[in-house]
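Since the structure of chain A is already known, use the hints to place chain B on it.
Chains as they are written, first to last, in full-length UniProt numbering: chain A, 1 to 895; chain B, 1 to 895.
Mixed in with the good hints, there may be bad ones.
Note: identical chains are not told apart, hence a pair may lie in one copy or across any two.
[Said to hold, decoys possible] Capping the alpha-carbon separation at 27 angstroms, the derived lysine-lysine pairs in BS3-like fashion look like this:
1. 650 x 666
2. 811 x 697
3. 591 x 650
4. 811 x 841
5. 159 x 125
6. 180 x 125
What the hints contain is simulated information worked out from the structure, not anything from laboratory work.
The chain contents come next:
Number of protein chains: 2
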Amino acid sequence: MTDWVFDFVHGDKDSKDLLGGKGANLAEMTRLGLPVPPGFTITTEACRAYLADGVEPSALRVQVTMALRRLENQLGRRLGDVVDPLLVSVRSGAKFSMPGMMETVLNVGLNDYSVAGLAEAANDKRFAWDSYRRLLQMFGRTVLGVDPEVFDHAFSALKDGRSDTDLSADDLREVVQRFKDLIVEHAGREFPQDPREQLDMSMRAVFDSWNTPRARIYRRRERIPHDLGTAVNVCAMVFGNLGETSGTGVCFTRDPASGRCGVYGDYLPNAQGEDVVAGTRTPLALDEFDKLDPTSSQQLRTAMRRLETHYRDLCDIEFTVERGKLWLLQTRVGKRTPAAAFRIAAQLVDEQLITLDEALSRVTGQQFVQLMFPQFDPKAERTLVTTGLAASPGAAAGRAVFDSAAAVEWAARGEPVILVRRETNPDDLEGMIAAAGVLTARGGKTSHAAVVARGMGRTCVCGAEELDVDPVARKARAGELSFAEGDRIAIDGSTGAVYLGEIAVVDSPVSRYLAEGLDVAMAEADEETGELVRAVDRLLTHADEVRRLRVRANADSGEDARRARALGAEGIGLCRTEHMFLGDRRGLIEKVILAETPDERDTALSMLLPVQRADFLELLTEMAGLPVTIRLLDPPLHEFLPDRAELLVKVARAEERGESSAVDSKLLAAVERLHESNPMLGLRGVRLGLVVPGLFKLQVRAVAEATAELRAKGVEACPEIMVPLVGSAMELHLIRQEIVEVVAEVAAEQGVELTFPIGTMIELPRAALTADRIAEEAEFFSFGTNDLTQTTWGFSRDDVEAAFFATYLDKGVFTVSPFETLDEIGVGQLIEIAVERGRGKRPDLHLGVCGEHGGDPVSVHFFHKVGLDYVSCSAFRVPVARLEAGRAAIGSVRG
Amino acid sequence: MTDWVFDFVHGDKDSKDLLGGKGANLAEMTRLGLPVPPGFTITTEACRAYLADGVEPSALRVQVTMALRRLENQLGRRLGDVVDPLLVSVRSGAKFSMPGMMETVLNVGLNDYSVAGLAEAANDKRFAWDSYRRLLQMFGRTVLGVDPEVFDHAFSALKDGRSDTDLSADDLREVVQRFKDLIVEHAGREFPQDPREQLDMSMRAVFDSWNTPRARIYRRRERIPHDLGTAVNVCAMVFGNLGETSGTGVCFTRDPASGRCGVYGDYLPNAQGEDVVAGTRTPLALDEFDKLDPTSSQQLRTAMRRLETHYRDLCDIEFTVERGKLWLLQTRVGKRTPAAAFRIAAQLVDEQLITLDEALSRVTGQQFVQLMFPQFDPKAERTLVTTGLAASPGAAAGRAVFDSAAAVEWAARGEPVILVRRETNPDDLEGMIAAAGVLTARGGKTSHAAVVARGMGRTCVCGAEELDVDPVARKARAGELSFAEGDRIAIDGSTGAVYLGEIAVVDSPVSRYLAEGLDVAMAEADEETGELVRAVDRLLTHADEVRRLRVRANADSGEDARRARALGAEGIGLCRTEHMFLGDRRGLIEKVILAETPDERDTALSMLLPVQRADFLELLTEMAGLPVTIRLLDPPLHEFLPDRAELLVKVARAEERGESSAVDSKLLAAVERLHESNPMLGLRGVRLGLVVPGLFKLQVRAVAEATAELRAKGVEACPEIMVPLVGSAMELHLIRQEIVEVVAEVAAEQGVELTFPIGTMIELPRAALTADRIAEEAEFFSFGTNDLTQTTWGFSRDDVEAAFFATYLDKGVFTVSPFETLDEIGVGQLIEIAVERGRGKRPDLHLGVCGEHGGDPVSVHFFHKVGLDYVSCSAFRVPVARLEAGRAAIGSVRG
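Only chain A is shown next, with the shape it has when bound in the complex (with noise of 0.2 angstroms):
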């Protein structure tokens, strides 16, 4: 026969599948002979059951009657007797705690005749009331669902507004008497005098909130499976509100929030826990319980001290004194803030109860990236304007701009600026590049203006829908707060606050750390800001010293390869060449488009090549010694020219008014040829270089000759040249052929011994489908994991946003951007593909990831099982990569 209850004296801290997080931890404690009140757990097996029958197993009623039977002997008393009646609580417990569940009732047993026996037993009629009063308003509400108002509303009426504590017993019983009015009224049926009802009814109600839409919803996000049910805690209640030798009190054995050494809580004399939560009395720190009730105290500082040392982690308490006797009623492995899981983890490594390894797997890249952002000087003074959503963390203040050109020109005054737009698209770039932070109205966590943001580690608030942004008076309003041109305003991209005023930024102690080394940090850093520095010194060096995977930084000048090698960057894993034609040089690229013949066009071509070249040297003089790879031109040509709709217009304003002009003709005409409706599927990447004779020529070429030039000179450069958006062998034997023509004549000029890696980036799903067949073209295999998505997928990234992006999270296809964290299950299994087969083919072919998911804490760890050589991400990211590859080595928990 399936056991469906068991006693506290069962079980450990690993039985959570079918105990519950709650009632493992209570048998564990027990286990270790500390002070728990004594009680049961049903299952949730009994709970699944319950839920597939709609009624619970016959044999479960037997089973509870039984743990009653047992726990009544135990402590000599009975459940709801008159005399001196045992009163339980009854909590949930799911394995994963989880909001929007029914959490706990308390004083089960009490009624109209038991509550004579406890007034008597404890001496304290008043108690004893209250105590019913208490049953009935958590009953009422959790067990019978009647609105909580309701009881808070009629309470205050009887009350008063006089405080709790001066209500006399007779008070209490006529609230108890109007409680019990109102669950008729309200809930259509009398309260459950009968104890054993008040308990079987308070188990279902468990049961039952598995599954309110609240729930359901938290588990669809959290991935949490919904077969697994609840377990029921009932627990022999212990009363903290017995008088001034009572209290309740939770406490954490190191500070959760700071992360020092030591024990912290906070202890409430004559109350129950629900007092503690409601906040009207203040609590006693820890040091002041000691002066009260040194016994006590002084059992639960041994408690904390026996807990800490058994989890080997920080633990978070709830306890009871009843009467001058401890109780403890609730332990868990503490949450904590980052700072506190970085130096909790060294500070348990130095006290030897755990390893490196360990530490490494209780820390994570997403604390670690709370750990970088700037942060606003407490100090300052600032007003909240409205709030966005928190699309890219950090602090950032500067004079407010409203498009690209003022980002730029008041940057160049040297300046800090937060360029607001309604919302940005690729022609904002340089004025993303230039401003501090990003502020829209429009557009949520994946909007342009977020993903660009976090792409460059640029803080973004975005989607503040309240601001009204007037980008040609160059003003934004938010009722009635408005700011224009040059004034000072700050953004904190960790809460999505938009603040007018002057407010400084630090830079935070681990990104001064990150960036220029340990011994400077600590220089400036007071003792509680170096133990966190060394913390994350550590944990990040023994990262590095377990990982597998090499962490390569996306950077396309020499300033961020210099940034990025200062992080710990082990080569460049995407250098995108079209950002060198950006700003200045857009008019000899566009030279190149518009030219009407094969001469003009190598005229132009000519004129990119010193450009490029110049651009290569920097890049693989910064990064000599490290592997640097370059992908050939990939955006559609059109990108450099200006926008079709408004030229368009432009022309046709041009022409209503008689003033045709015929550059812009000329203009438009090439833009019109080169427009295509789905320009995310049209002429990029290797295809352009196949169709516009000389364009990747000249840029390996400029590769071809920078590396050249360094070698001679001694530096040792070691470009890699990645060929973007193959979707098929053939088109990668093509260019190779080019590539290798170009470098065999570069070297034959020079005099030189010249070749580098030529590989592909796999982007395309044909690409991983046939990955045998390109791997015979390629040494390399690079993922773009952002065009991969997009047409595994089929949707893009501006448009999803857009258009569907909220729905979707909403009705749960979706628990996360599959643009920010790889999808597994579809996109994942073409890498899977792809490195099979590749390696299939070319058992030392080198694989390595450049989409935004390189830095993506949880991606990493999927990169690391499918056996990649490298991730590569943005420069801020790559410390994150660093330490998310070593957790993965370890095969610590994603994330």
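For chain B alone, coordinates are given in the frame of chain A:
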């Protein structure tokens, strides 16, 4: 030891891998005892060894010596002897006939000495010197690589206006000397006098010609492996130019043009093969040959019968008569026209030479298509205006119109029209439907115009670049010729020709048969046509009997459905509901899109309901008893609104003139709201269903109501609801719930039972990769191979064509458009994955395809192989798909 050389008496017609096609057939004829001049074949294996090592295998030289010795002994003459020399021809012969390879060197063995021996043996000095002249010319050109112009030019100069036959032996001796000098001059070496050296050099030249660029390109295009190599046939020379009792000819066992039963051929007395090719003299028909040389002719007829009975197919034979003795030099299964293919296949069945299965495997869908196109009345007068690309075959004549509206207007008056556009876009769809043919100045064979026209079976000539189309003035011009709206023009979609003038177009007899049945077609047919129609009927009927694949049609209206059913469609595989929102319905859907409140939207939707219901009533009635797959709305909504750029320009112009319009502004706002940078990857398909409340519900309700109404009347309506663009099982799960609810609602309202299959398109890589999950929510899959091709390759059909399709064909990346014939290597893999995983989860999952590829003769074989249940294609492709499905079932060669 490897045998590199085989005498003709070894091997047979099935030894093509080793002996090449020509060698195998020579061996076969020898084996049959037919008069073949003796000789031997050097194997493809020898060629492969030579090409791999750059030198012939050492044993080859010995084996050639021995084969030559046997040949000499058999004939009693020695190669290049000064008395009665043996001469040989050296010919290439690969497994597949292949342009670009060296073909033939005749008269090998002649030199300055043996020429006298030949003169004496033939008793004809002139003949001997002419033979030597021919050897020098062929050897110089093909073995030594001298430009043929060099010889032609010198020969002309020496002839000085005389014909070949006017030249005396001395003249020819002079030509020989001149040619020898030219060889020294241009090849840098003497013509080799050693007969064996001539033979070896010729053999090596054949081997080397396997790798000419032209041969390589041809093989890449035809997907012939590069490592097959070619055989070399060395054969004793016989001479058709030894006077009036000699001659040479070509014959066929049946008429390869019409398929008429009987023997056909040409005979040229006193000539060698190359004289027949040159075409300077008119050859005799076979019955004239009967009179001229009854003995040889009778022998030839006997041989032809023998060969046809043996090969059980039309044979194509080359022969020579040397002084009254018949020799067969070559035979192969002959090429034929489509009509001949069908007639001959049926004839051979009647003659009990082949089975019906074999007959079916002898015709192809491609040939069948050719028989279905309308034809120009051959007697009509015409003026050629220009020639474009033959984009969609057939003959169409009518009034020129220059926009969609005019096409609809003229067509409504009963005038057939040709729609003439620079290029077409989706706005031209109604015009294309109304037109008999489409002519564009721009775009290639996969442009919008070409693809859509092929899909609808409309004749189309595209990319007629000479044509200057002026849509505003409503006229077009090419050089001196021009035409205006209303002028009569005609286009030939099989040749690309564009004509001026009134040319009658008549239905082909085969299409009369397909549309109206055998009796109608036979009533009108003459004897020849009648035989063709009967042959088609017989083979198509047999295909229907043997095929496993069902064939459905893509149809969006009752009229489409009626036509499809007449052509044998066994259901509708794709009803595109968006086509129901075009024309005068556009206003209704526009109201839905522009609705500003949920109420407004609901009102607009409710106006669409009766319209949609009526559509489905008609469609389901026409297809009573057969399944009708209705796809819910797929395209982005902005397709129903005006073009954004045009509207922007219109509004800007109005602004400049101070004439702004509120209506246009509102429309523009909606267009801007719906604007997407890559609409193909945007808010489409199931995403629309999830984002726009009520839209899919409306469509499902219309289907359900129509079905209930018809079933009540006893009409067997069998709809299937298909959800487009699904990428994850959750999307389908959510929409499926909605569909099931609506159907249940309607069933309850009408008091009937109402269920029908719900399925999905598989048109995204992710859908294929997660087909196991999706199959839990779908009763059927229909592969949308157009979109699947787009996303797998990452290019859109429209943009591919505009930008790089031509280059890709040229460079061999494509051998055919992946939008025409399924890319089995890439896209095909996803289909196989989806079939396997889908059926793995749900064994009774129904599987079909509804992309363009469903009607492609080659692709149908793939769909059969992977186990689909049906293909669905344009109505006019249905007979082709039926034929190919039958051919696939009996394992015929594709296509």
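Comparing the hints with the structure gives:
1. In this homomeric assembly, residue 650 and residue 666 come within 27 angstroms of each other (Cα to Cα) both inside a single copy, at 13 angstroms, and across copies, at 21 angstroms.
2. Taking CA atoms no more than 27 angstroms apart as the test, residue 811 paired with residue 697 passes between copies only; the shortest distance there is 17 angstroms, against 49 angstroms inside one copy.
3. Taking CA atoms no more than 27 angstroms apart as the test, residue 591 paired with residue 650 passes inside one copy only; the shortest distance there is 21 angstroms, against 30 angstroms between copies.
4. Proximity of residue 811 and residue 841 under a CA criterion of 27 angstroms is satisfied inter-copy only: 25 angstroms between copies versus 42 angstroms inside one chain copy.
5. Within a single copy, residue 159 and residue 125 get their C-alpha atoms as close as 18 angstroms, which meets the 27 angstroms cut-off; across copies the closest is 140 angstroms, which misses it.
6. In the homo-oligomer, the alpha carbons of residue 180 and residue 125 lie at most 27 angstroms apart inside one protomer (19 angstroms), although the nearest pairing across protomers, at 135 angstroms, exceeds that limit.
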